[in-house]
Amino acid sequence: MNHKGSLCTCGNKGCVEAEASTWRLPSLITEHPGYNNSSLITEQTKDFKALFAHATTGDKTAVEILDHCISAWAAGIITLIHAFDPELIILSGGILKSAPAFVPKIQEMIDRHAWTPWGNVKLTPALHPETAALFGGDYWVRKQLNNQWV
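Residues in the sequence shown are numbered consecutively from 3, following our numbering.
If you are wondering where the hints come from, they were derived from the structure by calculation, not from laboratory data. Check the hints yourself; a few may be wrong.
Each computed SDA-like pair below joins lysine to any residue, with the alpha-carbon atoms no more than 20 Å apart [as the list claims (entries may be wrong)]:
id: 1; residue 1: Lys51; residue 2: Pro131
id: 2; residue 1: Lys99; residue 2: Glu132
id: 3; residue 1: Lys99; residue 2: Thr59
id: 4; residue 1: Lys107; residue 2: Ile83
id: 5; residue 1: Lys51; residue 2: Ser23
id: 6; residue 1: Lys124; residue 2: Leu98
id: 7; residue 1: Lys107; residue 2: Ala77
id: 8; residue 1: Lys107; residue 2: Ile72
Produce the entire structure from the sequences given, and follow the hints as far as they go.
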């Protein structure tokens with residue numbers, strides 16, 4: 003996603019996780035040039051809950067960091083859309099507890115930037131965000147096994 007980006011836990015540089023994830027967020031906050039003048043400086047725990055709260059009050063640094071994260075997530079999703087041409091993207095993970103605060107913004111970016119001549123890709127939070135990846139993995143494995151015996 004960002005060939006000059008931060009080192010990711012996977013060993014690559016500039017992955018979406020390295021640009022906007024729960025483990026990366028504390029350093030995104032403290033390394034931001036406006037951090038010392040931000041209300042985020044008072045937070046013991048630098049997490050998305052705090053970021054959303056401060057962005058909602060209009061803290062400029064929090065808004066900029068949140069916008070950065072939303073742009074990174076949208077760019078990653080748009081790349082997947084261009085690679086796999088889905089009709090639906092299901093989001094999961096702990097961050098979805100704050101879905102109303104950012105999912106519409108990501109949807110807007112997808113609608114504006116994804117090349118889908120047949121129509122827009124729908125973005126939706128998973129019904130069971132803690133286990134959605136397991137359901138997806140199970141589906142994929144079963145599909146692969148069924149294809150072997152057909």
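Comparing the hints with the structure gives:
1. Restraint check for lysine 51 and proline 131: satisfied, since their Cα atoms lie roughly 17 Å apart, inside the 20 Å limit.
2. Proposed proximity of lysine 99 and glutamate 132 is supported: the alpha carbons are some 11 Å apart, at most 20 Å.
3. Restraint check for lysine 99 and threonine 59: the C-alpha separation of about 19 Å stays at or below 20 Å, so the hint holds.
4. With a C-alpha separation of about 17 Å, the suggested pairing of lysine 107 with isoleucine 83 holds against the 20 Å cut-off.
5. At roughly 13 Å between alpha-carbon atoms, lysine 51 and serine 23 fall within 20 Å of each other, so this suggested pair holds.
6. With a CA separation close to 16 Å, the supplied pair lysine 124 and leucine 98 stays within the 20 Å bound.
7. The hinted pair formed by lysine 107 and alanine 77 meets the criterion: a straight-line CA distance of about 12 Å does not exceed 20 Å.
8. Simply put, lysine 107 and isoleucine 72 have alpha-carbon atoms about 7 Å apart, close enough for the 20 Å limit, and the pair holds.
The structure is consistent with each of the numbered hints, conforming to all of them.
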